[in-house]
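Chains as they are written, first to last, in the working numbering: chain F, 1 to 576; chain U, 1 to 148; chain V, 1 to 324.
Derived by calculation from the structure, the hints in this document are not laboratory data. The beta-carbon is built from N, C-alpha and C at its ideal position, and this holds for glycine as well. Be aware that a few hints might be false.
[To be verified] Here are some chain V residues the structure puts well away from chain U; computed CB gaps all over 10 angstroms: (1) Val-37; (2) Arg-249; (3) Arg-264.
[To be verified] Restraint-style ranges between C-beta atoms, simulated for each label pair: (4) U/Asp-90 - V/Ala-46: 49 to 57 angstroms; (5) F/Arg-569 - V/Leu-90: 50 to 58 angstroms; (6) U/Met-85 - V/His-254: 45 to 53 angstroms; (7) U/Ser-138 - F/Glu-536: 53 to 61 angstroms; (8) V/Pro-45 - F/Glu-536: 46 to 54 angstroms; (9) V/Arg-227 - F/Ala-540: 40 to 48 angstroms; (10) F/Gly-458 - V/Ser-304: 45 to 53 angstroms; (11) F/Gly-539 - V/Gly-108: 51 to 59 angstroms; (12) U/Gly-94 - F/Ser-487: 33 to 41 angstroms; (13) F/Glu-536 - U/Gly-139: 33 to 41 angstroms; (14) F/Glu-486 - U/Ser-138: 28 to 36 angstroms; (15) U/Ala-106 - V/Gly-108: 46 to 54 angstroms.
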Amino acid sequence: MQAAHCEPARRLHNGSMESEPAGGSRPFTTTSGVPADARAIGSHDAAVAARPFTTMSGVPVDAVYGDGPLPGEFPYTRGIYPEMYRSRLWTMRMFAGFGTAVDTNGRFKEILRHGGTGLSTAFDMPTLMGRDSDDEVWSAGEVGRAGVAVDTLADMEDLFAGIDLASASTSMTINGPAIVALAQYVAVADKAGVDRSRLSGTIQNDILKEYQAQKEYIFPPRPSMRIVTDMMRFTAEQMPRWHPVSISGYHIREAGATAAQELGFTLANGFAYVEAARAAGLDVDDFAGRLSFFFNSHSDFFEEVGKYRSARRIWATWMRDRYGATAERSLMCRFHTQTAGVSLTAQQPEINIARVALQALAGALGGTQSLHTDAYDEALALPTEKAARIALRTQQIVAHETGAANVADPLGGSAYVEWMTDEMERRATEIFDHLLELGGGSILAGVYEGIDNGYFVGQIADSAYRFEREVNDGTRIIVGVNAFTESDDGHQDGADLLRIEQDTEDFQLKRLAAVKQARDGEAVNRSLGAVRQAAEDTGANLVPPIIEAVNAYATEGEICDALAGVFGRYTEPAIV
Amino acid sequence: MTQPAAATGDPAPIRVVLAKLGLDGHDRGLKVVARMLRDAGMEVIYLGLRQTTGTVVAAAEQEDADVVGLSMHNAGHLALAPRIMRALTDAGLGVPVVIGGIVPEADVRTLKEMGISAVLHPGASAVEVAEAVRDAVSGPLGDRPARC
Amino acid sequence: MPQPGELLERSIAGERRALGRLLSLVEHGGAPADEIVELVHSRAPAEAPVIGITGAPGTGKSTLVGHLAVEMAGTGGRPAVLAVDPSSPLTGGAILGDRIRMDGVAAGRAFIRSMATRGHAGGLALAVPAALRLFEACGYGPLVVETVGVGQVEVDVTRTADTTVVMMAPGMGDAVQANKAGLLEVADVIVVNKADRPGADDTRRDLEHMLDLGRITGLAGAAQHWRPEIIMTTAAAGDGADRVHEAIRAHRAHLAETGRLQARRQARIRQEVLDRVTQHLGATASQYLSTQPAALREALEGHSTPAATSAKIIEHLLSNQPPG
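The shape of chain F in the complex, shown without the other chains (with noise of 0.2 angstroms):
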């Protein structure tokens, strides 16, 4: 074990770590203490650029080998920085998540303490969804469950309570209702006297992949992408070390797609914003720089291998080619992975440790800037506290055992793997084709079309069922399913599966109530009217409305609505 490896974090603000995606398909909530570690961000990066790189023999290796181009350079087919993990390892991102705002900002300090910077943010499926939890429909059963609610500013200051924002990097996994959390996020900094330029973290912000993969919409794709590029304006303009979309495949991958799908669709889709902000007139030197990319690591190691070396290679060539982009960070494909949470097995669960170690060694041969490994009982409900460490553990023996971090795309060269590369290029490049067929030559506009007759979720349903009948013929096998089943499978009874209480609710229903109680209603009405108003006038910009109605305490729910008598709200196709 070399020593060095296990130096905390201190070189975890310079730039690039910043840029760090917001990770994570569904939250993981505990209400028992998982170690800090395993839920800090970034809390090890262990960048020593002296150190001579050495095999476990000791045979000392170079920071690349081969030929050009070679890593850091376009089209960073090999990776974003010349040394990659020598200079700066990935980070290793865990996701929080936490009952009530208080419990989840008791966590936040605690990762503050250990010398972690980052802050991941879940939030509960009602906070996803638009919906209060005090609705009667949609919340009950549901609120603090699968992580923090936040109706009101209210919530989002106990969630930071304490805590410096112009030192934190925070990350929030929010695509529906993004455009309040953000505005919450702002109103929390503008009362603690916090400069807006000086807010730095991610909102995923990806509702392009919620019509095809995730399904947490709330109202239809045209307006909710005015959406997108208002608070792409507004980052741009008042908080330029904010990344606001975090351009996720890791979701459509879950929902059935093929790698192949996965690429092509979430490289769209990262087009997609680009041609929208660029017709909002934007420049793209001013955005493309703070988007960044969340991959799905699955099972199939070389080819995930192959689909991000060719995702930065086709994002740097269309960026510079086709949008014209000429700074350098707009050129690169930054990216955070998880495993395939799909692929965990409730039969034998404890062979999904095995699964998980080998997807998080794609993710680091393939590139990663920062990773989040699966714990091996999700297929059977929340992670318990030894799961989520050993998922810890698992990526911690792939960064500082394998040597696989002491080389910049150690399989680059590899025939199969440059065959590969070419090959998932080649099937994303179809799928660009297509794109462009459906939207008479832009992408933005294919991508609508196919979301409205069906092509994204067709084509995810095509290759789900396709995998499904591969699997129940026996001509793919999956260990522990169709082939070296066990007849005591380690099935659980559901005696140590976690389970949440109901106690967070009422406690959240009681504050919501209080919240409701004490505001001035005459100021809820005019700011939701405010709001009403700048949606039909495509010309404004949501966001500052939104941030003076949060700031009055209207709720996410009523924002939410007030958008929705505008925008209407979306029901998706029957796509089967």
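Given the coordinates of chain F, assemble chains U and V onto it according to the supplied hints.
Chains U and V alone, transformed into the frame defined by chain F:
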């Protein structure tokens, strides 16, 4: 030949209302099951995501469902199952209910005591899924044999 | 199981479950279906307006139907909808997904029934009018039949309507395609949905042009009496549903004023009788071939042409089947 099914004595296809209750947006399993049932010759009335007990009951009535299939993902089965069973009973519907999702063994017993006909786990094969629905139809709650 | 008569009493009293079951019986056909059709005859004077809505997949039919149901309910109607979708030709199964969008909008204001084509055009042709009468007998109206306007089966089904609405959207099922599919020929109201999209005005212009030139196949006769109104809508936002509703009512008033309502209904009854006769003869012929394989032998062995063999069989069947 083209003629009404009854003239040839064929039974009508089994009709299944498929839905997901609650806010959770994971519909991969629901869609796969819809196709499995279609390919087993059944008619699936696909309601999809974010249905309430009210919309499921209305669909079961109007569509004359032989079976209601519900997907549950967020460990909400113990709260949601009694709600839907009560709503179906209140509407005078004795239609069998099959649940799919991540349900621990201990809870499967509880659900069956509540009157749920079957629980399907992720990874259930096409044959298992179709069998569970056919068994539910011919079980104590199903009135299939009397229909044709 | 309760008898059809009892189910009908319960349906008329407002029990949706009983009506749901009766619809299954008429859909399945055979003697129980015939019995129900007889039972409802006196209670269904065929006065409820029947509206057919068709168009290519993805044009927004279900969403518009949901909004129309809201309009109809808001003007004192009790709308019922039959949503017809194709069965899989391979397995006979079907995934029926129109209900989501319709009810997402109509929110319980309409009785919605999904119906699969079940691979036999004849069955559907009988089941749809029977289901519509059943709805009417139970106090429902207006009655809406939605089909995917891609096959002859679906186009035929919409012919059973008083008013046929053909839907298209820019880029999807546009004017030229709709014309080729024979859809414009049956259109009484034309809806161009997704009017906020690029190309919507072009689609409208194309349609006007076709109507002006009378180039639409078979339109020459009908167009003398009624030129279909073209209505631009954005169904997703509910914009335009009121105008479509108004156009449907205007068309119906026109039919009533000019006596064509009666003519259409008579044509419909004629068609239904023809369908039933065709159905019956087809079934009889099929049964004859199964039970009398000898009748086929000459054709199978090449001693006679299929035409000559069938002429013989027809003669035999008709001579044994007195009309009535």
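Structure-based check of all given hints:
No Cβ of chain U approaches the Cβ of V/Val-37 within 10 angstroms, the least distance being about 12 angstroms, so the stated non-interface status holds. At roughly 26 angstroms, the least C-beta separation between V/Arg-249 and chain U is larger than 10 angstroms, which holds for a residue marked as non-interface. Chain U leaves V/Arg-264 outside its interface by the beta-carbon criterion, the shortest separation being 25 angstroms against a cut-off of 10 angstroms. A hinted range of 49 to 57 angstroms for the beta carbons of U/Asp-90 and V/Ala-46 is inconsistent with their spacing of about 35 angstroms.
Here the CB-CB span from F/Arg-569 to V/Leu-90 is close to 36 angstroms, at odds with the stated 50 to 58 angstroms. Take U/Met-85 and V/His-254: their Cβ atoms lie about 51 angstroms apart, and the range 45 to 53 angstroms holds. As the Cβ distance of U/Ser-138 to F/Glu-536 is approximately 56 angstroms, the hint placing it in 53 to 61 angstroms holds. Look at V/Pro-45 against F/Glu-536: about 48 angstroms separates their beta carbons, and that is inside 46 to 54 angstroms.
Remark: the range hint 40 to 48 angstroms for V/Arg-227 to F/Ala-540 is upheld by a beta-carbon distance near 42 angstroms. Taking 45 to 53 angstroms as the suggested C-beta distance range, the pair F/Gly-458 and V/Ser-304 conforms, at roughly 49 angstroms. The beta-carbon spacing between F/Gly-539 and V/Gly-108, approximately 38 angstroms, falls outside the hinted interval of 51 to 59 angstroms. Look at U/Gly-94 against F/Ser-487: about 36 angstroms separates their beta carbons, and that is inside 33 to 41 angstroms.
Checked against the hint of 33 to 41 angstroms, the pair F/Glu-536 and U/Gly-139 fails, with Cβ atoms roughly 55 angstroms apart. A hinted range of 28 to 36 angstroms for the beta carbons of F/Glu-486 and U/Ser-138 is consistent with their spacing of about 32 angstroms. Between U/Ala-106 and V/Gly-108 the CB atoms are about 37 angstroms apart, so this pair departs from the stated range of 46 to 54 angstroms.
In summary, the structure is inconsistent with hints 4, 5, 11, 13 and 15 from the numbered list given earlier, while agreeing with the others.
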